[in-house]
Every structure is written in C-alpha cells, then in structure tokens.
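Let the sequences and hints guide you as you build the complete structure.
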Amino acid sequence: MIEWAVVATLLILALALVLTTARLFIGPSLADRVVALELIALIAVGIMLAYAIQVDRPAFMDVALVLALTAFMAAVGFARLLERGGSSDE
Amino acid sequence: MKAMDSLILRTAARFLLPLLLLFSLFVLLRGHDEPGGGFIAGLVAAVGFSLYVFAFNAGDTRELMWMDPRVMLGWGLLLATLSGLPAILEGKAFFTALWWPVEVPLIGSVTLSTPLVFDIGVYLVVIGSVMAIVLALAEVEE
Amino acid sequence: MSPEVALPVIIPFIFGSLSVILYKSNTAQRWLGVIGTGALLVAAMVLLHNTYTHPDGVLIIALGDWPAPFGIVLVSDILGAVMTLMAALIGFAVAIYSLPSISSDHEAFGYYPLMHLLLAGVCGAFLTGDIFNLYVWVEVLLVASFALLILGGERAQMEGAIKYVTLNLLSSIMLLTAVGLTYGMTGTLNMADLVVKLAEVENQGLVTVVSMLYLVAFSIKAAAFPLFFWLPASYHTPPVAISALFAGLLTKVGVYMLYRFFSLLFTQDMGYTHEILLWIGGFTMITGVLGAARYYEIRRILSFHIVSQIGYMFMALALFSPLALAGGIYFIVHNIVTKSNLFLIGGVIYFLRGSHELKQVGGLWRERPWLGLMFLASALSLAGMPPLSGFIGKYMLVRAGVEAESWGIVAVALGVGLLTLYSMVKIWAEAFWKAQPQEYAERAARFERAISERSLAIMCLPIAVLAILAVLLGVGMQPVYEVLIAAAEQMRDPQIYVDAVLGGNQ
Amino acid sequence: MSDFLTVFFLLTGSGLILIGAIGAVRMPDLILRMHATTKAGALGVGLMTVATAVYFLDIGVTVRALSILAFVVLTAPIAAHVIGRAAYFTGAPLWERTLKDELGQNLDRRGHYLRSGLEEQDRLPNRDRPAE
Amino acid sequence: MTLFIWNILLAFVWVALSGNFTGSGFLAGFIFGYLVLAFVSRMSGDMTGYTRKIPQVIGFTLFYLWELIRSNMRVAYEVLTPTHYMRPGVIGLPLMTQSDAAVTLLANLISMTPGTLSIDVSNDNRMLYIHAMHIDDEDALRADLKDLERRVIELLS
Amino acid sequence: MEPLMAFVVGGLFAASIYMMLRRSLVKLVIGLILLSNAANLLIFTVSGMQRGLPPLIAPGDTLPAGGWADPLPQALVLTAIVIGFGVLAFAVVLIHRAYVVVKEDDLEKMRSTDT
Amino acid sequence: MLLAVLSGFILCTLAPWLTRSFGDRAGWLLSLLPAALFIYFLTWIPTIAQGEAVIIHYPWIPGLDINMSFLVDGLSLLFALLISGIGTFIIIYAGGYLHGHKDLPRFYAIMFAFMASMLGLVLSDNIIALFVFWELTSVTSYLLIGFLHEDKDNRWFALQGLLVTVVGGLALLAGLLMLAVAAGGEYTLSGILAAEDIHAYPFYTGMVLAILLGTFTKSAQVPFHFWLPNAMAAPTPVSAFLHSATMVKAGVFLMARLNPSVGGTDLWFYALGIFGALTMLTGSVMALRSTGLKAILAYTTVMALGTLTMLIGIGTEQAIIAAMTFLLAHALYKAALFMLAGALDHETGTKDVTKMGGLRQVMPITFLAACLAALSLAGLPPLFGFIGKELMFEATLGAGGALAAFTSLLALLSAIMIVAMAAVFALRPFTGRRKETPKTPHEAPLSMLIGPVTLATLGLVFGLFGFLPAAALVGPAVAAVYGDPITVELYLWHGINAPLMMSIAAVIAGLVLFAKWDTVLAGFKRLTFIDRFGMERGYEHAMDGLVAVAEWQTRLLQNGSMGNYLTTIVLTIVGLAGWTLLVHTDTPIPLGLFDVNLYEAVVAGLVVVGAVFASVTTSRLGAVATLGIIGFSIALIYVLFSAPDLGTTQIMVETLTVILLVLVLFRLPGFIDYSAPATRIKDAVVAVALGGLMTLLILAVNDVPVAEPISDQLVHWSEPEGHGRNIVNVILVDFRALDTLGEIFVIGLAAIGVYAMIRFRAEDKAQ
Ligand code: NA
Ligand code: NA
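Protein chains in written order, with the working numbering: chain A, 1 to 90; chain B, 1 to 142; chain C, 1 to 506; chain D, 1 to 132; chain E, 1 to 157; chain F, 1 to 115; chain G, 1 to 767.
Misleading hints may appear alongside valid ones.
[Claimed, not checked] Each computed DSSO-like pair below joins lysine-lysine, with the alpha-carbon atoms no more than 27 Å apart:
1) C/359 to C/426
2) G/525 to G/355
3) G/152 to G/351
4) G/351 to G/102
5) G/355 to G/435
6) F/109 to G/682
7) G/152 to G/525
8) C/426 to G/102
9) G/102 to C/359
10) C/426 to G/152
11) G/351 to G/439
12) G/439 to G/152
13) G/102 to G/435
14) G/102 to G/152
15) G/435 to G/525
16) G/152 to C/359
17) G/435 to G/516
18) D/100 to E/146
Quick caveat, the hints were computed from the structure, so don't treat them as lab data.
Note that the structure is a prediction, hence the values are computed from the model and not measured.
Pasting the structure below:
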C-alpha cells in the first residue's frame, strides 16, 4: 500500500511542481516568481521526504532538512533587492 | 541606506543564527558518517551570517564574526594544509590519516583525527570565503 | 614513497596561507614571497635531481598512503620535474622583480598569496598522476590567474578578464567533461591505470573522440589556433610582473597537459590525433606571429608571440620522435625563460619611459646598454638566433621535421622564425636604437625620475639571471640535452610510467 | 496502523502542497497567492514529515522530521513577510476587488517608512523615525 | 540567565540531532551550544521566560495546530472553487506589546493562520498590518487576532 | 534514466552556449552557471545512475546494505560543484565590476583590449 | 684553434673596457689580437700547403651533433688569413676613422664578435656550428650596419640586411639538415665531403635550392643583391671588412666548400652559372650609374660576388683556380679601396665622387694607393687583379655547353664597365680642377693609411710574384674546392690568347666609357627600370604585404567579439569531436530502454524547460529565479539517484549563488537581446550542435561496460580503513583529500579575487 501511495504522492508533487513552475515563468513580477520559487523548495522537500520513504533510507531526510532551513534565504535576498530599488516587473 | 529594517526579520535572524551555527557544527562533526561535512557545514554557517547581513548590516555582522573573514580563510587554508603534515613524522606519506582516540573526562571516548582537522579547515575556509565576498559586496552597496 | 614530490605544492600552499593570514602586513608578505618561492625553487631542484638520478627516472608519492590507482598519486617523471623547476624558477624571479615593481595596493589586496597559489596550481598540474586532480589544479591556477588579472581594476583589465574568464572556463568545463567521460568508460582516474584501461576499451574510436575533447580543452589553455583569443585579449592588461608570470607558466600548463596526455594516454591512433596536432601547430605559429607583426605595443607583441611559440611545441609533440619530444620540452623551457624575461624587460622599459607603445619610447641603447644586452639575449633567443637557447630548440625541431620529411611544417617553422626575428628587431630598433621621441620625452623623464636606481637594480637582477640562462641554455646545452632526451625516452615508453606508478616504486 | 497513517499523511500532505500550487497559479494577486503557498505549502510539508516519522518509527528520524517541520514553520512566514513587504514597497498591484488598504495609506515609499497612524493620538516620542 | 536557558535548549537540540541520548552527548551539546552562544553573545537575546511555562506552550501549540488546520481548509476551499469569493483587504492591528519577540511571534503566527498574512510592522512597532482574505466581518477578525495576541503575550510573559 | 539524462545534459549545454552568445553580461554569467551544472550532471550520468542506494554505511556494518551507487563520481561532482561555485562567484562579481567600470552591458562593445 | 676562434668573443667582452682605458691608442692595441691570429694562421701554411686537411675536434653538444670541430685546409686557411689580416688593418683604421666617437667601445665589441664569428664560420667542420657562426655574422653585421642607429634609414637598411640574410639562413639550416640526412647522418663537412651518394638523396633538388637560397642571399646574388649596397649605411671600416673578406664572402665560401660533394650536377652548374653571371653584370651596370664612392665600390662587390659564384658553378679546374685567385685579389683591392673611400669621405666630408676633384696634391699617398688598388680592380697588369681576370675569361670560355658564350659575353661586358669605374674611382677625385668640399682636405692619419697602402701594395706584389700566393694560398684552396689536389701556377703572362684579347678590349672600351662617363651616367640614370630589377621593391612589397596580411588576419580572428570567439571555439569542439565520432566510431548510438519514472521525467524535464526559459526570457531576475528552479531540480536528481551529499551541496550552492546574484544584479541593466534574428538562429544552431554532441557522447560512453571501477575498493576501505560511514565524505577528506585541498584553495582564491575586485578601487577613491 505504501509503495503506491508514495508513487501517488510523488506524482502529485510532480504535478504541483509543474504548476508552480508555470507561475514562476509567468511572473509577472519578481515577487511572484520568488513566491513560486519558495513553494518549489517546499515541494522539493516533500519529494525528498516521500523518496526517503520509497527507498527506505532516512538519510535523504538530511537533504530535506538543509533545504527547509535555507530555502527562505533566496526570498530574503530577492526581497532585499526589491527594497533597494530593483524593478519588480522585469 | 540601511539594511531592510524589518523588525520581524531582525528578530528572526537573531533567533535563526545560533540555530544555523549549531546545525552547521552538527553537520560538520558527523559528516564522516552521515551526509554532511566541512563544506556543507561551512555553507550553512555562511547562510546564517548572510541572513544576519540582510537583517542587520555588514558592519554589525563583521563585528559579530569576531575574526576578519580573510584571516579566517587564511587560517582555514593553513589548518587544512597542515593537517596533512603530521603523517610525515610517522614516516608515512602526506595526508595519511592519523587517528587518536582520546578519553575526555565527562564526555568519554572521542576520536580526534587529521581528517577532522582537515574538515574543520574546510569549514573555516568556506565561511571565511563566502563571508569575505558577501560582506565586501554588502559594504560597497551600503 | 618520495615526500619531495609533494613539496612543490605544499610549500606554496603553506606560504600562500600564511600570506593570507598576514594580509595586513605588506612587509611580511614580501618576505614570505621571496622565501616561499626560494624554498620552492630549492625543492624543485632537489626534485629534478632525485628524479633524474633515480633508476626508474620516476618518483611517486601516494597521498594518504592509498596506493595507486585508488588514491591520488603525485608523480614526478623527468618531464614533470623539469616543468616544476621552470615554474619555480619563474616564480622566484618574478617574486624578486615584484619587490620594487608591485604597488602596495596590489600587495594589500593579495598579490603575494595569489602568486604562491598560482605556483601551487601550476606545480600540482605538472606533478599529479590523476586526471581529476589535474582538473582541480588547473582550477587553482586558473582562479589565481583570474584574481591576479583583475588586480587593479582598470577598465582594460575588466574587459580582458571577461574574455579570459569565459573562454578559460569553457576550457575547464570541457576538461571536466572529458574527465567524466573517461571515468565513465574506464572506471578509473589514475593516469597509469588509464594507460591499461583505455587500451581495454572495446570502442577505441570513442577513446579518440574523448581525446579530442582533451585536445580542445588543453589547446584553449595552451592558446593554440583557433582557440587562443583569450590570450591576446588579456595578457597585456595587468602589471608586467603578472604578465610575465602568466607568459611563462599558464599556456605551458596547457602544453604540458597535451604532452602528458598525448604521449601517455592517447597514442591509440597517432596517425589521426598527431596529424591534427601538427596542423594546429602550423596554424598557431603563423597566426600568432602575424598578430605580433601587426602591433606596436610591446606587451601585445609579446602576447601574440606566446601564441606563435606554442605552435612549435605542438609541432614537436606531433612529430613524436625522441629528438622532437626532447626538442619540444626544450622549447618549453627556453620559452619560459625568454618570454617571461621579455615581459620583465618590457616592464623596466615602462618604468623608464612611461609607455609600452613602441612609437613613444626610445633611446635606451644609448642610455642603458646593459638593459639592451639583456634584451638582445632574450629577444634573439626567442627569435631562434644561435647560439642562444631558442636556436637549439628550433634546430631540434627542424631537424626532427627534416628527418620525418614533414616539409610543410619545417617551412612554416622556419618562416615563422624569421617573422619572430622581425618583431624582436622591431622592438629593438624602436625602443633601443631610435632616439627618444621628443613629444613623449617629458613623460619619460618624469617616469625615470620616479624610479630609483636601486629599484631598477633589483628588477634587473632576475632579468640578468634569466638572460644569462637564455645564453647558457644554448651554449651549455649538453647536460640539458641529456636530461631532456631521457625525458623524451620516458614519454615514448609509457610502460616506464605505468610500472613505476602501479608498482609503487621504492 | 502505522502504514495507514503514513499513507494518510503522505497523501494529505502532498494534496495540500498541490492545493498550494494550484493557488499559486489561480489566485489573482501576489499576496493572495502567498496566502495559498505559505500556508498550504508549510502544512503540507509538515504533514509529510509526520508521515516519515510514522513510517520509520525511529527516534532519530522523528527528531529530524520535527526539525524539518520546525524550520519550515519558522521560515515560511518570514519569507512571506519579507516578500510581501518588499512587494508593497515596490508598489505591487492588489487585486481590483480588494476592499481596503490601511497599509498603503500609511506608507511613505520614498522615505522607506511605515507609519502606525497612531502618532497624532498621543505625543509619545517616536523611536525610529528618521531625523528630518 | 537567558543565555543559560538558551544553552540548555541548544544542548537538547544537539542531543536530538545527534541521537546520542547520553550524559556525554548532552555535555557535548552543552559545550557546542556554549561556544555558539559565546560567539553570538553580542546580540541581545530577549527571549525571556521562554521555557518557564511548558504546559502553556503545549496548550498553545495545540491551539495553534487547530487554527492551522482550519486555515488550510478555508484556503483550500478558496483555491479549489472556480469562483473567487474573497473580500480581501489590508487592515492595521494596533499592538498592545512592543516587545520584538512577541511582535515577531505574533506576526508569524498570524501569517500561518486562516486567511491572514502579516505584511509589516510600522516603524514605531505599534501597528501590525495584516492582509486578510475575508474582511466581510472585520470586527470578528480583529477580535480573533486580539485573542491570539493575548495568548502570545501570556506565553512570553 | 541515462538516455533521458543524455538529452537533459545536451539541452543544458545548448541552452548555456546560447545564453553565452547573447552579448549581455548577465546572460553570459547565467550561461556559465548552466554550463557548470551541465558538466556536473554529465559526470553524474555517465558514471551510472542508481536509485535509492546512497553510499552510506549503516552503523555496525562495513558495506552499504544492498549495494551502492558509485561514490567516487559523487565526490568528484561535489568537488566540481564547489569549484564551480568559487569560479562563478568570481565571474558574477566580475561582470558586476565590469559593468560599473565600463558602463556597458553589450559584450560586443567591449573590444578595447583586442583592437 | 678553439682559443683562436673564441678569442674574438673574449676580446669582445673586454674591448669596451680597454677602449675606455686606452683612449686613442686602443685601435692599435686591439689590433694585436687579429695580428696575432694572422701570424698563427700563417704558421699553418706549411702544413696545409702540402695538401693536408687537419681536423680539430672539441665536443660541445655532442648529443645534438653540434661540436666545435674545425677543418683547416686550403680554403679555410685562405679565408682565415684574409679575415685576420684585413681585420688587423680594419681595427687600426677604425681607431682613426671613428676617432672620438662616443660609441667606439661598443663598436670594437661588436667588431670582434663579428670577426670571431667569421673565423668560426670558415673554420668549422661541423655544419651546425658553421650555421651558428653564419647566423652570428648576420646578427653582428646587423648591429654594425645599424651602428649609427639614430638615423631612421640606417635602421631600415640594417633590418633589410638582416632579414634578407636570415631568410637565406633559415633556408640554409633546412638545407644543411637535409644534407646531413643525405650524407647518412653526418654532421661534419669532412664527413659530408667524404660521403658517396649525396646526389641520390630523393630531395636533392630541394636541398640544393635551400642551400643556394642561403648562400645567394648572404652573397648578394641576383635577385637578392639589393641589400648589400644599402649596407653601406655602416661606418666605412665595417663596409671594408664586410665587402672584402667577410660576411658577403660567406656565401661564396660555403658554395666553394660544398662544391665537391653537392656540386657536379646540372642544377648546381646552371643555377650558379646563370645567377652568378647575371649578378656580375647587374653589379657592373649598377656601379656605372652610381656616383657615391662607397656605392660604386659596393656594386663592384656585387659584380665580384657574381663572378665568384659563376666560376664555382662552372666548376672546371680553371674556373676554380680563377675563383680562388679572383677571391684573393678582390679581398685585397676591395678592402683597400673602401678604406681609401673612407679616408676621402672622412677628409672631404662628402661621398659623392662628382663633387671631388684635384685632391692629388693634398692627399698624395691616398692617390697612390688608390691607383694601385684601382688598377687591380680594373684587372690591369702587373697587378694581381689582372691574373684573376685573365683566369676568369679563360674559365668562362672553357665553361661547358651554352654557358660558355653566355658567361663570356657577360664577363666581357662587366669587365668593360669595371674598368671605367676603376678609372672613375682612381682619377675623378684626385685629378682635374680642385673642387670645394665641405671639409678642408688633407692627408689622412697613419692609422687610416697603413691598411690601404699595405693591401694595395700586396696586390702589386702578388701580381709580380704570382708563385707566392699560388703555392701558399690559392693552390691549397683550389685543391679543397675542386676536391682533388691541383698544382696551381699563377703568371701575369699567359701568352696571346683569347683572354688577353678580351682584356685588351675591355680596357680600351672601358677607358672610352670613362671618358664619356658624365653622358653615360646621365643616360643610365634615366634607366630607372634597373631600380625595379631585383627584389628591393619585392622586399618592400613583402614588408607592406606582411603588415597588411597581419592586419587582415588579426582583424578576422582577434576581432574583440566574444560571440565570434565563443562560436569559433564551440565549432572547433564540435568539428573535432563530432567528426571523429562520425568517422572513427562505427557503433550505432544506443538509446536503450527509457527506464524512467514519470516524476523523474518531470524533474529532469524541468531542468531543460527552465534552461530554455532562462535563455529566451527577457526578464533578468526571472532568469535568476529560474536558475533556482534548475538548481533545485538538479538537486532532486542527485537525491533521487542516491547522492544525498550532492543534493545538499547543490542546494546550498544554489542558494548562495542566488544571494550573490541579487547582491550584484541590482546595478545591472535588464536584458536586451542585441542580436538580430538571423544571429539568434545561427547561435541556436551552434548551441544545439554542442548540446547534440554531448548527448551523443553520453549515450556512447554509457554503452561502454566498466568491469571494476576503482571506487569498489574505496567502498570496501571506507569503514575499516577510513573510519567513516559516509563514503563520499571519506573520499573527500581522506582518499582524495588533495582534491578537496585544491578545492578550498579555489574557494579561497575566488574570495581574495572578489574582495580585491570590489575594494581595490573603492579604497583608492577613499584616499
Ligand atoms: Na556506466
Ligand atoms: Na559506461
């Protein structure tokens, strides 16, 4: 049961990934793209967790841990850029 | 212009920095057995400091870091290089790993090793380098 | 196990690290610069001596005591040891030349650590016996050169650096790609092991394909036709001490790697690969020397000549006879000495006249005959005039070409020699013979006043040594020849290398 | 039972993330999109960490799972805050059906300053107001 | 004292991360925690009384988890239904506390709860601006938020 | 997976070269970043890809349980990633400085050193 | 012998110091060396005159067959004596001529180096050593011709001489190396002369042409003759030395030297005969239309060199005898004439013969010496030059085949003109009405007269006592050149024969020509086509063409366009590797089974889609954000295929890259795609070509089975030997620690570089 549930989870997340990527491409503002990027990071965390279950290797959770801890830095960086006068509509 | 001047971010940075540093030490020390190691640990720490740069400013971060990143970088390089040399005293090739199990009171048996020293060197280099770059960029901007 | 093989990388690493730590003290950095490169020079001499006198002619150190092919080995065969010695020599010369010629700003922003680490990278590339490790060394020297190139932040430096960085990165990526493909084909990274494993690959055509990637990657580094663009775009932009260091070492690393790979690893289809090398060599000679003929700026002329001279080195590798290979190595050695020295002399001219433009300088033969003599020794050597070092190199190559009946390349090599002479004489006639042009006399006088005789003397010290070396290498060739022909024999017999590395020689 | 819980948390978690993704595509303005991604994403990942903890039933894994959860919950709102704030400062458009905007009224974009609107009600000295 | 508590906390984190549930593991964690804190001690940590009310923390966590689930269901509904029923708007929430930690915690918690997202705090720390998906019933919303603020202040007092 | 990855890597190479040819400083550096990633993926691909067999040894064991993915290319790629990061950090700042100094983003207008 | 050759080089280093110390008398002092050498070489005469050839061997670079071995025989000894003997007088003469010149110390230094090189050239047995000296004469003569280097013309002429002779020198090197191969790996002249089957060498023609290119350029044969008159830019002592005994004779020397072994073929015969004769005629004609003293002499040198070449080409016994005799005679009178010309120029301040007149009274010794030397030049009895000319006519008449008539006719024509010019030289300045000259003339000092007088007298002595040179000098030389011992007897009187008739005709016609010289001169000056004859224009066009080609190719290649550079490099990669793939591998590219899960495909697809989006988007920050998604996807690929450390690292690096990008990007402008649509398509094709190549490579390599990668051993060692359970980390810090060490140095270096880049200028401005 877990096997197919994991596969289903991975497929769901893959779909989420595609949708979010679409938002990233569409934009229109930089902030929109960054929001999408943040969600992509979370989806990646999810994929890693599901994959850890699929292959029965908790080691992959460590990657998820690092990603969870640092992914928001990109958002902080972009936000700083915007506040310093970068245009948001490129 | 000052940094982002966000109360929320500042408070979060104060809270996250020690957490990230501790986590980086953790990643550093167990890297030999689990995913991790000096490089990843160094990057985690550098991300922590970078967050601090974003939330506060370069000057505060420089003060916080206590050591000039370039000096830290130098020490890291030296430490990593020197870690390969003790082996020669034992008549072995450079960079032959040496392992010394040490009994530390209260903590118990701890294994010190030249690969660990090497990894610490890597750790310092990564922090020093990344922060030298980030601080220099941030300072120019400010 | 021979620890001395690792010293040429460990010494500059330690001194480089110390200079980083002591970045606030320019004095300490200067001392570290001279002592460090001096120690490197001694270590390199010892290494060559021990390598040459060893019964196998090969020394190895398996780092971490992990035997080949599993760990990384550093291997010093005669070729590697000779190259290391040359790197150390130029490093030391430039370190001394730098003392009066490099600004305190340059020092404060890492000139010396960068120099140490550049040398470490170069020596590492010469000594490693592992293809991925080679990539790492190449990156070390490359990034060091990036940093040196931009030190000063002039506009020209930035523009030159963009091309330099981009094209060299492309080359590194090709190298990395080729290393990856090699591992994919063989499951090994050790060069000696690769000699064995590459021969076992069923699809030998694929080996040749991968060899082409190496060929391109190294040829970019070596600044060969038609991949040299980065060099003339950038080499004339930093201070001359840096240009001299680059001129002596960087392209030679590319050539060295070609020598290593196309003698040790890729000899499965020499009729094809080495024919390509020959063509590249010919075109490189011609395009480089023509480029030089066009310019009236000393450093640009010299930069294009680097390209041109690389062609000879290709020619030697392509011909592949013992004489040709020995000649090729000799050509590298000679070129390192003379080309670096010409850059250093160009620097002195700049300090005396305030310009690198030939149309703006003059009168030096009248005023500084010693400088003129040192220039003549180096320039005529570069042009292949006997009995200087360049002639011996040209002689060996042309003779090898005649013996191989490769008339085309012989004609090109000789013709390019003439044009090289033309360029060198152009510099001589303009900078030394011609009187100082009046319209630039005021600036020249200002510059000449600004530089003390003591500083000039320190700068001329390494120049004199290198000039004498250019003469000695020609006149006192016999002992050198014996070393080089031994190196060439080693190159032609990969089994020596393989046995020494995989057998773990004593 | 643990298998069932694992499956449950996996599917609900990933489902929530998918909802967040759909929201990211469908919502009409930036801040509304952030409503979707921040909450659904974080909770979705949180549920999935629970799934791993349940699946492995190992103290080490559980700690790691909780750490991930903690990190996500800690950082997601901060990310949302900095982006939202930055977007506001740079004048990101709000959905046309937005009813009121008290922040926009108190925002001084050029001075990069956000008033509380309470300044006139009392005479307390302002802490951070830049000197004029 | 605050630092000491921080240190103990970090030691626990260490033990948890390393999975070494022994005295030596804790000591190691304490030492590393101490080092980290000694290193960053220049920053003023005002997380006073963080661990004193453990039952309160647990209670609060449960409350908050419930809020979280509720919020997500509403958002899910909004995302999945074809028409947008939202009445969004940005409102200012006057703050009772000006403590950095409390404000931050409150802002973050609000961000994670139903239909609300903290955008920013005014420069004088007295007003929290919140984007809400539904401000049809603004008073009820403000009451909910005040309740949350009261709980946070209680927790951190 | 390797055949698919072959196309992915090829696509990355192509995209990076196309970007580098765009004459814009920013695109150039992004192209370089992609190029570096492409090479790393190439190494990873040609050394054989395995699912779910991280080269980690459980406590008490001496070998990874159930086989292992080749750890050596992983170490190589890791080194290459790090080196690539260093180099690209340099390149990023270089284009920044170049723009500040030259005040020009179009690479075709940066020819002063060649002519 | 080694000392004898090298002593010049040693003295070269001492000369400047000696000159400064001894001032005016330095010339006399320094002349002691060549004088001593002359005497030393004289002592060899008894040995050599008996037909012996002595080889003296000193190893130098034996590994490369370059040795200091010397071959002393009649030919080399003749040259050695001329060099040292005339050299002695030149050194003395220079002390007077360049009296007080500030560069005199340097002059002597170069002069001695030149002299030593010349000695080495003629004495070397080893052909490579010979070549070394050959090139050294080119270089030193360059320095001498350009001695007065502040003058632009002098620099130009010096360069011209250098380039022309070096072109030949390079060809000569190839020719000599071919010769060595042809002689079976023999690098000594003695060995080559002894070798049997050089004519059988398959590349004989090429070899001869290469060698002749060397000798013709050096000896100023048509069409390379133009550089020699221009070399008059040198101070007169140099010209005297260059033209009489050294440098230009080197080519003749080498042809003579190689004649026995390389010569004897039609190619050799016709090439030397025809070009020599043409050179002879050209030299005479050019002399006739010159008015400068030195120019007249220079063109007569061209004539003489042509004569010598022609004679060597004819190659008969008489021809060789004539050649050696003529050579000796020419050396004597030409050195004398040049030195006299220098004396006139030095005293009057002009070089133009038409501006001098009536100097007989004030410069009687000069006049006398000039008469003697000019008579020898004109080939009148009883001077040695007469013997030479008689022998020459005899040889041309005796030349085989069609050459006999051709060479004889040209020789006669040339002789007529030379008689006229000799008369011009000897009579015009000294006789007639006194003309005003820039300086008030009086007799030149002793140092400037001792040489010409002695040499001119020697011409008379040798003419009267022909047996002296015949036995001691000419005979052994002829033997060496001819290859067989020959007894040579030299007499003024050979009876009334064709050569004598020709001589008489030449003298009469020549005197008529002299009488009408002013009209002839005016007429000849109009014949400007002669200026176009030969390669001087060719040389100039070549130089211009060189610069033009250099410009063109450099503009083409090094055009500053990064796009072109990249395109070229990428196409080179694709060309070389792709072509090889196409031609050298016959295995079909295996696509295999796509064993892919859908979510893996999505992740992998996002990498490509992201990359494509990034490359076409016009949003700069959008591209950066897209980098993020590419990075995360790659991290996922690493994770999904068992590389957690890689995934982690990728994520961290990606995060930091984005941080860096946002730190720097806000200053940069947005994207503008500057290129035209056609360019974009071209770029896309280039890019896809490389991508396709990489795809094919991966597919091909993936199909290669690997039995046992070295990593298997590392995995087994990791825990027991490496004490670590994360194998990747054990590799990084232990098995391959050196890689990691290098890697952190890269990071450190990048940081140093970045720091310098950002702060260097910033702090500059702060100061
Ligand atoms: Na494979
Ligand atoms: Na394979």
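Evaluation of the provided hints:
no. : hint           : verdict
1   : C/359 to C/426 : 11 Å, holds
2   : G/525 to G/355 : 17 Å, holds
3   : G/152 to G/351 : 19 Å, holds
4   : G/351 to G/102 : 22 Å, holds
5   : G/355 to G/435 : 7 Å, holds
6   : F/109 to G/682 : 20 Å, holds
7   : G/152 to G/525 : 26 Å, holds
8   : C/426 to G/102 : 24 Å, holds
9   : G/102 to C/359 : 25 Å, holds
10  : C/426 to G/152 : 12 Å, holds
11  : G/351 to G/439 : 12 Å, holds
12  : G/439 to G/152 : 25 Å, holds
13  : G/102 to G/435 : 31 Å, violated
14  : G/102 to G/152 : 19 Å, holds
15  : G/435 to G/525 : 23 Å, holds
16  : G/152 to C/359 : 13 Å, holds
17  : G/435 to G/516 : 20 Å, holds
18  : D/100 to E/146 : 20 Å, holds
Hint 13 from the earlier list is the only one contradicted by this structure; the remaining hints agree with it.
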